[in-house]
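There are 2 protein chains.
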Amino acid sequence: MNDFIYHIPTKVYFGKGHLQHLGDELRRFGTRVLMTYGGGSIKRIGLYDKVVAEIRNAGLELFELSGIEPNPRIDSVREGVRLCKEHHIDVLLAVGGGSTIDATKFIAAGACVDFDPWDFLDITKRAPINNALPIVDILTLSATGSEMDAGGVISNPQTGDKIGRVAAPMLPKVSFLDPTNTFSVSPYQTACGAADMLSHIFEEYFTTDKDLFMLDCFMEGLMKTIIRYAPIAMREPDNYEARANLMWASSWAINGFIDGGKQQAWSCHPIEHELSAIYDITHGLGLAIITPRWMKYCLNDTTVDRYVQFGVNVFGIDASLEPMVIADKAINMLSEFLFGTLALKSTLPEVGIDRTNFAHMARKAVQGDVLHGFVPLRQTDVEKILEMCME
Amino acid sequence: MNDFIYHIPTKVYFGKGHLQHLGDELRRFGTRVLMTYGGGSIKRIGLYDKVVAEIRNAGLELFELSGIEPNPRIDSVREGVRLCKEHHIDVLLAVGGGSTIDATKFIAAGACVDFDPWDFLDITKRAPINNALPIVDILTLSATGSEMDAGGVISNPQTGDKIGRVAAPMLPKVSFLDPTNTFSVSPYQTACGAADMLSHIFEEYFTTDKDLFMLDCFMEGLMKTIIRYAPIAMREPDNYEARANLMWASSWAINGFIDGGKQQAWSCHPIEHELSAIYDITHGLGLAIITPRWMKYCLNDTTVDRYVQFGVNVFGIDASLEPMVIADKAINMLSEFLFGTLALKSTLPEVGIDRTNFAHMARKAVQGDVLHGFVPLRQTDVEKILEMCME
Numbered sequence: 000m001n002d003f004i005y006h007i008p009t010k011v012y013f014g015k016g017h018l019q020h021l022g023d024e025l026r027r028f029g030t031r032v033l034m035t036y037g038g039g040s041i042k043r044i045g046l047y048d049k050v051v052a053e054i055r056n057a058g059l060e061l062f063e064l065s066g067i068e069p070n071p072r073i074d075s076v077r078e079g080v081r082l083c084k085e086h087h088i089d090v091l092l093a094v095g096g097g098s099t100i101d102a103t104k105f106i107a108a109g110a111c112v113d114f115d116p117w118d119f120l121d122i123t124k125r126a127p128i129n130n131a132l133p134i135v136d137i138l139t140l141s142a143t144g145s146e147m148d149a150g151g152v153i154s155n156p157q158t159g160d161k162i163g164r165v166a167a168p169m170l171p172k173v174s175f176l177d178p179t180n181t182f183s184v185s186p187y188q189t190a191c192g193a194a195d196m197l198s199h200i201f202e203e204y205f206t207t208d209k210d211l212f213m214l215d216c217f218m219e220g221l222m223k224t225i226i227r228y229a230p231i232a233m234r235e236p237d238n239y240e241a242r243a244n245l246m247w248a249s250s251w252a253i254n255g256f257i258d259g260g261k262q263q264a265w266s267c268h269p270i271e272h273e274l275s276a277i278y279d280i281t282h283g284l285g286l287a288i289i290t291p292r293w294m295k296y297c298l299n300d301t302t303v304d305r306y307v308q309f310g311v312n313v314f315g316i317d318a319s320l321e322p323m324v325i326a327d328k329a330i331n332m333l334s335e336f337l338f339g340t341l342a343l344k345s346t347l348p349e350v351g352i353d354r355t356n357f358a359h360m361a362r363k364a365v366q367g368d369v370l371h372g373f374v375p376l377r378q379t380d381v382e383k384i385l386e387m388c389m390e
Numbered sequence: 000m001n002d003f004i005y006h007i008p009t010k011v012y013f014g015k016g017h018l019q020h021l022g023d024e025l026r027r028f029g030t031r032v033l034m035t036y037g038g039g040s041i042k043r044i045g046l047y048d049k050v051v052a053e054i055r056n057a058g059l060e061l062f063e064l065s066g067i068e069p070n071p072r073i074d075s076v077r078e079g080v081r082l083c084k085e086h087h088i089d090v091l092l093a094v095g096g097g098s099t100i101d102a103t104k105f106i107a108a109g110a111c112v113d114f115d116p117w118d119f120l121d122i123t124k125r126a127p128i129n130n131a132l133p134i135v136d137i138l139t140l141s142a143t144g145s146e147m148d149a150g151g152v153i154s155n156p157q158t159g160d161k162i163g164r165v166a167a168p169m170l171p172k173v174s175f176l177d178p179t180n181t182f183s184v185s186p187y188q189t190a191c192g193a194a195d196m197l198s199h200i201f202e203e204y205f206t207t208d209k210d211l212f213m214l215d216c217f218m219e220g221l222m223k224t225i226i227r228y229a230p231i232a233m234r235e236p237d238n239y240e241a242r243a244n245l246m247w248a249s250s251w252a253i254n255g256f257i258d259g260g261k262q263q264a265w266s267c268h269p270i271e272h273e274l275s276a277i278y279d280i281t282h283g284l285g286l287a288i289i290t291p292r293w294m295k296y297c298l299n300d301t302t303v304d305r306y307v308q309f310g311v312n313v314f315g316i317d318a319s320l321e322p323m324v325i326a327d328k329a330i331n332m333l334s335e336f337l338f339g340t341l342a343l344k345s346t347l348p349e350v351g352i353d354r355t356n357f358a359h360m361a362r363k364a365v366q367g368d369v370l371h372g373f374v375p376l377r378q379t380d381v382e383k384i385l386e387m388c389m390e
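Read top to bottom, the protein sequences are chains A and B.
Letter by letter, the first sequence follows residues 0 to 390 of numbering that gives the first Met the number 0.
Letter by letter, the second sequence follows residues 0 to 390 of numbering that gives the first Met the number 0.
Isolated chain A (complex conformation) (with noise of 0.2 Å):
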């Protein structure tokens, strides 16, 4: 058991009566905002409207950036940069899902330095993240969790990378999570959102760190909300209970408390960021794909202790069956759950991807060496995961 920090000083904000702190939320931090946000679906709730009143009547001075998209690309992150050089921003406000809040966290970061932003990221260079101007944000996708930790990821169409980093100084000071505002996601983004929620709590219960017994309960109680109440998101779009479930948990799958301390490198995570990074997928919808066929490649006789866990705790597999017998039923089970009853689409060729880049995006995810994940995982693993999911 591994010795931890932990720190997560975010400010939250859950429920559906709290915008009249905004105003008062951003003052603290100055008075010249930049508003961060993606296409046009925040206007379209009317929270465009509603942010912008709060922040007028608060006697605020409002600049904004718009057009962020999913898969954050470091153009929009140099744009917000430029913006609050020339502007002197105070403080950032992102309003959107965790493509906004990323990108707001590298543009927060990137105001405070002289060079391009991609340095933070390109692998070559990290250059170090030592302040970032303070981030508000506004949630209206349960999904990745950026409103609470201190991670972002950006792509890179001109290198063909998409790359992550996590900096303490990037961790959003104030997050306002309202359910409500989630109520107009479709069902396939709710889905999607599920996947990879799901998929950041896979990275840190299947391992071989030892662990908290305490975390697992933890983990096991996040993944059944999620499978519980996905579904009826998906059905009945504006089930208060169902989306503040899925907003809360997508917010703890993810800002480190479940961790404990655990070292090991995640897996289908790596391996999704190439193939979003060259086919432009929704990131969730990746993970759907990989994860069932990573856990069935990582399945041994050393492992399967962790399968037999997930299946009874997760599932309610009969724990009297035999281990293997298990494990296999908990993998069909959230196949099932993934495929069926989210109604993801379930093989790469379905989502456009072919066998053409699997090398290069193999190397890429193992970074020319090994991924130490849950299993050891080199180039030839991983083209083997991928071409397990090419049916």
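Keep in mind the hints are simulated off the structure, nothing from the lab.
Among the clues, some could well be false.
Said to hold, decoys possible - A partial selection of chain B residues facing chain A, derived with a Cβ cut-off under 7 Å:
(1) F3
(2) I4
(3) P8
(4) K10
(5) V11
(6) Y12
(7) G14
(8) Y47
(9) C216
(10) K223
(11) W247
(12) A248
(13) F314
(14) D317
(15) S319
From the three backbone atoms N, C-alpha and C, an ideal C-beta is built for every residue, glycine too.
With chain A fixed as given, assemble chain B onto it according to the hints.
Below, chain B without anything else, positioned relative to chain A:
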């Protein structure tokens, strides 16, 4: 489902190899440190010497307040406040269990005002707590959760009061949670700590407020953790896994996370505080005696569902049984755990309490009116619950 604000900026160093950070963390707040502790136990286990060495190595100036009692008293708080003012203390370092940390919280607040610190607690005054000196703590007992919350309870033998108060400025800035510092905790104190933690969870779990399913899962996970590891820690005092799980569970049982906006008053804690205010028994022991009786008293057709969920999910009782059968079984299994497995005394006479003060204690517990908890309790209800504790 109620809105809530989640905000716990406490930085937690969890594990056995972090003490070398103590000097740096204290120095963030200044150079003049008042270390507070209880009896001699921190000297016996060698912790005192290690802490003093770290403080000296960091070049900080050390002052001390020792002798803080279990069920800490206002006179210790007053003495601490006097020392803070006399020596212009910058930061408080509490080394001990919940009693030491609780007292230190009110010392920290009292050092910032000119009036008597009892005014913070006196229910006729409730003086505002707007500031407090920064608090760092090193936990030596897993029980109260004081290391990660903003509350504390102080006794006043002159008035016969034992009163709690929560105020954000009293939240510890940094907590060192090293499970090895609890290796020397006796089986009896380990059991009392477990009973205290369980009660913190029950007070939030047994509620008629609409709940987040996710938090139910977490609460059930915490209960299972405590039920699993308390007996192990009693048998094998230096079992790191057991001590680590109990320690982290103690913090999460009461740091506010699991309440998720629930507004209902607590029940067993107010009743127990009246017991220990007069009889000075260990808080966790008092809670253990009261809890199963309170559960029995509150069980009816309206409340039974919660008992069923508890029995099935925590004790694994067969869900196909009749609800009332499951509920009774669950209460019996809890009693068996507290009085059998944990070997705690099970009745008030066994701890030297007779009926003399029942009416008085019951009236104070409900503050002369109604305790609006899981089931509303009037003075006569509390008297009946106390009567049930007689055998």
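Problem - Indices of hints not satisfied (ascending) - result: 8, 13, 14, 15
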